[in-house]
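Novice: Sequence:
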Amino acid sequence: MGERVPLPHVLPGMGIHTLPEGWDALSAFVVIKCRDEEGDVAWSFRTTEEIDPYELLGALTVQTDLVRKRMVANWSTDDDEASDETE
Numbered sequence: 003m004g005e006r007v008p009l010p011h012v013l014p015g016m017g018i019h020t021l022p023e024g025w026d027a028l029s030a031f032v033v034i035k036c037r038d039e040e041g042d043v044a045w046s047f048r049t050t051e052e053i054d055p056y057e058l059l060g061a062l063t064v065q066t067d068l069v070r071k072r073m074v075a076n077w078s079t080d081d082d083e084a085s086d087e088t089e
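For the sequence shown, the residue numbers in the working numbering are 3 to 89.
Hints are computed from structural coordinates only; laboratory data are not their basis.
Do not rely on the hints blindly, as some may be mistaken.
Said to hold, decoys possible - Pairwise CB distance ranges (calculated):
| # | residue 1 | residue 2 | range |
| --- | --- | --- | --- |
| 1 | Ala44 | Thr79 | 19 to 27 Å |
| 2 | Gly17 | Ser78 | 31 to 39 Å |
| 3 | Thr63 | Val12 | 21 to 29 Å |
| 4 | Glu23 | Val43 | 22 to 30 Å |
| 5 | Glu5 | Val69 | 47 to 55 Å |
| 6 | Val69 | Ala44 | 33 to 41 Å |
| 7 | Leu28 | Ser78 | 25 to 33 Å |
| 8 | Trp25 | Ser78 | 16 to 24 Å |
| 9 | Val43 | Thr66 | 20 to 28 Å |
| 10 | Gly17 | Thr49 | 42 to 50 Å |
Yeah, the Cβ is synthetic: ideal placement off N, Cα and C, and Gly gets one too.
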């Protein structure tokens, strides 16, 4: 992968939300939507340091569950709409 460089060199012009006051960043796993040299869109990831795979899997599982919950809450089916109309 090569040497690590400051985040602004990898993600110029981008920013992220700050951490809560008093929190210190220890490491990061960043998922990046990219456009390659041929114009194709792809996803990539980078880390600030080697991350324990168990910690990473746990964090990603929690995020997956939160996204799934948010998507299910926004889901409606034709059956849902039909039952709303008959009530």
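Novice: Compare the structure with each hint and give your call.
Specialist: Verification of the hints:
{"no.": "1", "hint": "Ala44 / Thr79: 19 to 27 Å", "verdict": "violated, 32 Å"}
{"no.": "2", "hint": "Gly17 / Ser78: 31 to 39 Å", "verdict": "holds, 34 Å"}
{"no.": "3", "hint": "Thr63 / Val12: 21 to 29 Å", "verdict": "holds, 26 Å"}
{"no.": "4", "hint": "Glu23 / Val43: 22 to 30 Å", "verdict": "violated, 36 Å"}
{"no.": "5", "hint": "Glu5 / Val69: 47 to 55 Å", "verdict": "violated, 33 Å"}
{"no.": "6", "hint": "Val69 / Ala44: 33 to 41 Å", "verdict": "violated, 20 Å"}
{"no.": "7", "hint": "Leu28 / Ser78: 25 to 33 Å", "verdict": "violated, 40 Å"}
{"no.": "8", "hint": "Trp25 / Ser78: 16 to 24 Å", "verdict": "violated, 37 Å"}
{"no.": "9", "hint": "Val43 / Thr66: 20 to 28 Å", "verdict": "holds, 21 Å"}
{"no.": "10", "hint": "Gly17 / Thr49: 42 to 50 Å", "verdict": "violated, 19 Å"}
Consistency note: the structure conflicts with the earlier hints numbered 1, 4, 5, 6, 7, 8, 10.
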